[in-house]
Amino acid sequence: MSNMRKRWLLAAVAAVSVPLALSACGKADKGGSADCAPYADFGKHEDTQVTMYSTVRDAEADQLTATFKDFEECTGIEIKYEGNGDFEAQIGIRVDGGNAPDIAVFPQPGLMAKFAGKLKPASEKLKSIVTANYSKDWQNYGTVNGTLYGTSFDANVKSFVWYSPKLFKEKGYAVPKTWAELITLTDKIKADGIATPWCAGIESGEATGWPATDWLEDMVLRTAGPETYDKWVKHEIPFDDPAIATALDRVGSILRNQDYVGKVSAIATTSFQAAGLPILENKCGLHRQASFYAAQWPQGTKVAEDGDVFAFYLPGDDAAKKPILGAGQFVTAFTDRPEVEAVRQYLASGVFFNERMKKGPFTTANKQADPNNATDPVIKLSMQLLRDDTATFRFDGSDLMPAEVGSAKFWKEMTAWIAEGKDTKATLAAIEAAWPK
Amino acid sequence: MDQIDILDELPKFGQLGIGVVAFVLVVGFLLFLVDRLPGFDKGRFAAAVFLFPTVLLLAVGLLFPALRTVWLSFFDKDGESFVGVANYTWMFKDPDIRGVLGNTLIWVIAVPILSAGIGLIYAIMIDRLKVEALAKALVFLPMGISFVGAGIIWRFVYAYKPEGEDQIGLLNQIVVWLGGEPQQWLLNPPWNTFFLIVVMVWIQTGFATVVLSASIKAIPTEIVEAARLDGVNAWQMFWRVTVPSIRPAIVVVLVTMSIAALKLFDLVRTMTAGNFKTSVIANEMYTQAFRLLDKGHGAALAVFLFVLVTPIIFYQVRAMRARREER
Amino acid sequence: MTTATVTTDQPEPKAEKGPGRAGRAKKRLTGRTASLIALVIALLWTTPTFGLLLSSFRPEGEIKTNGWWNFFTDPAFTFDNYTQVLLSDTSSGRLGSYFFSSLVITIPAVLFPVAFASFAAYALSWIRFKGRDTLFVLIFALQVVPLQMALVPLLQMFQAWFGFEDEQKFIQIWFAHTCFALPFAVFLLHNFMSELPGDVIEAARVDGANHGTIFRKIVLPLVTPALASLTIFQFLWVWNDLLVALVFGNGKETAPMTVRLAELAGSRGEEWQRLTAGAFISIVVPLIVFLALQRYFVRGLLAGSVKG
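First to last, the protein sequences are chains A, B and C.
Heads up, the first sequence is in my numbering, so the first residue is 1 and it goes up one at a time.
Heads up, the second sequence is in my numbering, so the first residue is 1001 and it goes up one at a time.
Heads up, the third sequence is in my numbering, so the first residue is 2001 and it goes up one at a time.
Each hint should be verified, as a subset may be incorrect.
Partial list, computed: chain A residues near chain B (C-beta under 8 Å) [as the list claims (entries may be wrong)]: (1) Glu-88; (2) Lys-114; (3) Asn-145; (4) Thr-147; (5) Ala-266; (6) Ser-407.
With a straight-line Cα cutoff of 27 Å, these simulated DSS-like cross-link-like pairs (lysine-lysine) come out [what the hints assert, rightly or not]: (7) Lys-69(A) - Lys-2217(C); (8) Lys-118(A) - Lys-1077(B); (9) Lys-1093(B) - Lys-425(A); (10) Lys-1217(B) - Lys-2217(C); (11) Lys-283(A) - Lys-166(A); (12) Lys-234(A) - Lys-118(A); (13) Lys-1077(B) - Lys-120(A).
Some but not every residue of chain B turned toward chain A, in silico, with C-beta under 7 Å [claimed, not checked]: (14) Phe-1082; (15) Leu-1187; (16) Pro-1190; (17) Asn-1275.
No lab work stands behind these hints, which were simulated from the structure alone.
Using N, Cα and C, we set each Cβ at its ideal position, and we do this for glycine too.
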């Protein structure tokens, strides 16, 4: 290393005249003691670089790049990672500008499908890895018109209700197993003097409204069933089908019920990040939000079944049926150099996911990943649900729908439905009208 | 923890070195060229040398993209098949987009008037004050804050919590102290647009103050003294001396603010993301072109921006002609 | 030219006998009401920022649950936000590194447009040639082209012709910033330059000075305040820019502070309290630049030169 430094210093003297020579002198932190056996499959690709682009940033990005260390050391591939909060818009600019990353992690399959023409299909080898490591459903989410483009990266379970185990214990509440029990519990919480049994917030910058779309999807799964849900997502039934209106009214029985949530329009301007925090102060009892909400609790909050906060499965009418709403991101590639292929295979393999899970909160649907590596109990619970054969898993519908609906009109109209008290029928009809012909 | 590994940063400074050397070379060469040219009256050559870099960069960086945008506005979302004026009819038919156009109009009218007005008053009030530098710095401060920062700052002003809870937003706290009911400032149109405009004015007044103040300082002392000798009062001084003398600067400020309001993008994006009927053209354009990947719609909105600026251009041309005649 | 004519029209003797009245007029202009109005504006403008400053020293739990004014009744003080922003060692790079990138981006991205625009503005205001007004109006009109629309074509050009990598991408960023800045810069400087008194330039011309000399020796010094303002604004825009940096310089080699700031809030915006400190750290440099350039806002440059 010190030799290296000296070379840098020498080069630096000449920096003004020949600085280009410098960039050739990349990072070469070699000679580590990593166990390379698990990485033998990915081959040797000395002094190659693969760029990777996704929405993941800050602490999560650090954990991700820390996970890559051994892989990079053993294969000689340097993964140049970049995370950006405006990924959805930036990826289009980069692809159009001829500057696409090697690997892109798409936050929604619907967006991924728009780029299918530019993406590289999975190789035979990658396909066999995916077939072995993922359930049929999860393979399908990464498939466009019969071709596999994306491999599942992280996954989350959205059908969760966060609550305070302390409060439940103190008041003698039980975790509800059916919708009816949930409503009884809600009324009890209200009667016990907590003014707003439910807290909710759907503000999320330009994605404002998405938590409300999750609510509707969860209810469609519960009131109309998975088959109708599939038809609805594929637009085989109109968006404003009566079954969907029933589900939305079910959502309204909580989210638009002033007795349950307080001022309804306040939900529209409450950020989803802050929405559940009042649970900690016993200012509200229940908050429906995905497993990833675990990251929102302030430092020092104990997330556990006997801790400060925990989550239970959002029940439906029938305790025997267990539909689960979830979502996740997908790894794709815009180039097919051998080292890029190696990274793709690595990012679908058990060795990646198990290492990643040990580094910090991370949930995946990959079958090779061991739930016992989970860093918190909600992740463990999520992974168990994702593997539960009796449960019916469905992917977040707004992520699968065309962007004009799934990441625009659906959000906007659900926001209006809450903020302006817009009529259920009119709301659904407006979304139906935006569906691309 | 070692925070800065200076050796890792050297390539950057190498690049900076190249940049600065290139700057010195280019500028030096151009000045050298102009100096070698024949005298004053052979101005065409000098003009060519002086204008060359600007014209070249603008042609590549803005003119070509602008023409491409006009072209794309007649094509479909992938920019492949010709659709005539369909994107334009969409723009005027879609009620949401019509609202967006209306909002932009409000912005273009309110922002220049408010920020130039307040900036002018402030610049005059603090002129010659002992604490002028500090006073200017205070109003200038918001300009130095990025839009992300401004978003946070105003969250602490506009934030809403239901009655009875601790307020985070200053405005609602004041309302509560006065015995009122907390309001959701950013929720209800058209007032939410007004509250966003307040933020823009807060940011841009610093610009107006700095430009106008520089201009006030350029008013020849003789004029001011002469007016004083004629016994004018402060009001007359303002309208008869100050304003006419700094008219060019006021025009600069008004024009710049109007264009800034037309192109406004980041602020709406960080504060409401265009929700609750607060969207403006540039924000909608970005959403259509890059989020919804509809190049045609995005381009048509951009072209509409060009159209909106034509009145300002006409004004500028007239002002230029008038000045020429004065000369 | 209003300024020049008025100056010469005033008979000299009058100016000598009036300090008393002038003094009174001055008093009225910057009198008590005026100071009060100025104070109110300054207060209104500073309060929101002050709230942010206080918040940046409050613990996360407090920031997220109650208002910053509670600091006065219930002071809870911490440097956590600052230490997290300044010291948290991320694999994506250290804060110092982002800071240097911001500097490397900003310096040339201010120098180039200011220089090129002053050339162009001079030519457009003081050299007579055919099509001059048309050219000026065209440049002026380009101000309205939304830079978002120029991103893709420019990026395509760089990728196709140059293929810059790593640190070389700074060149793209400078280029883009320069293009986007020029219309406004030319417009601003043109308006100031064309207001200069014609007789000064005429006098120089009679003395045999060529355009290069007039530009350097006469025009530039006279528009110093305008140059200083332009430099400040261009500095601010570049320093606070996120979009151009994201599109034209990807990767940690070129990422400026704004990229780090946007990242600070976490993947799902859960750590937004850190932005309170981040915003303050990023404001320091623009403020220094502003205060440093203040002294170029000099009074009476123009008047002095007319007499001389």
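Outcome of the hint check:
1. Glu-88: holds (6 Å)
2. Lys-114: Because about 6 Å separates Lys-114(A) from the closest Cβ in chain B, which is inside the 8 Å limit, the hint holds.
3. Asn-145: violated (17 Å)
4. Thr-147: Not OK, violated: Thr-147(A) not within 8 Å of chain B, min 20 Å.
5. Ala-266: Interface hint status for Ala-266(A): holds (6 Å vs cutoff 8 Å).
6. Ser-407: holds (7 Å)
7. Lys-69(A) - Lys-2217(C): Given that 27 Å is the threshold and the Cα spacing comes to 59 Å, the pair is violated.
8. Lys-118(A) - Lys-1077(B): Holds, at roughly 16 Å.
9. Lys-1093(B) - Lys-425(A): Between Lys-1093(B) and Lys-425(A) the Cα gap is close to 22 Å, so the pair holds against 27 Å.
10. Lys-1217(B) - Lys-2217(C): holds (21 Å)
11. Lys-283(A) - Lys-166(A): holds (13 Å)
12. Lys-234(A) - Lys-118(A): holds (23 Å)
13. Lys-1077(B) - Lys-120(A): Between Lys-1077(B) and Lys-120(A) the Cα gap is close to 23 Å, so the pair holds against 27 Å.
14. Phe-1082: With a closest approach of 18 Å, the Phe-1082(B) hint is violated.
15. Leu-1187: It holds, given that the least Cβ distance between Leu-1187(B) and chain A is near 6 Å, below 7 Å.
16. Pro-1190: Violated - the Cβ of Pro-1190(B) stays beyond 7 Å from chain A, reaching only about 14 Å at its closest.
17. Asn-1275: Asn-1275(B) check passes; min Cβ-Cβ to chain A is 5 Å, inside 7 Å.
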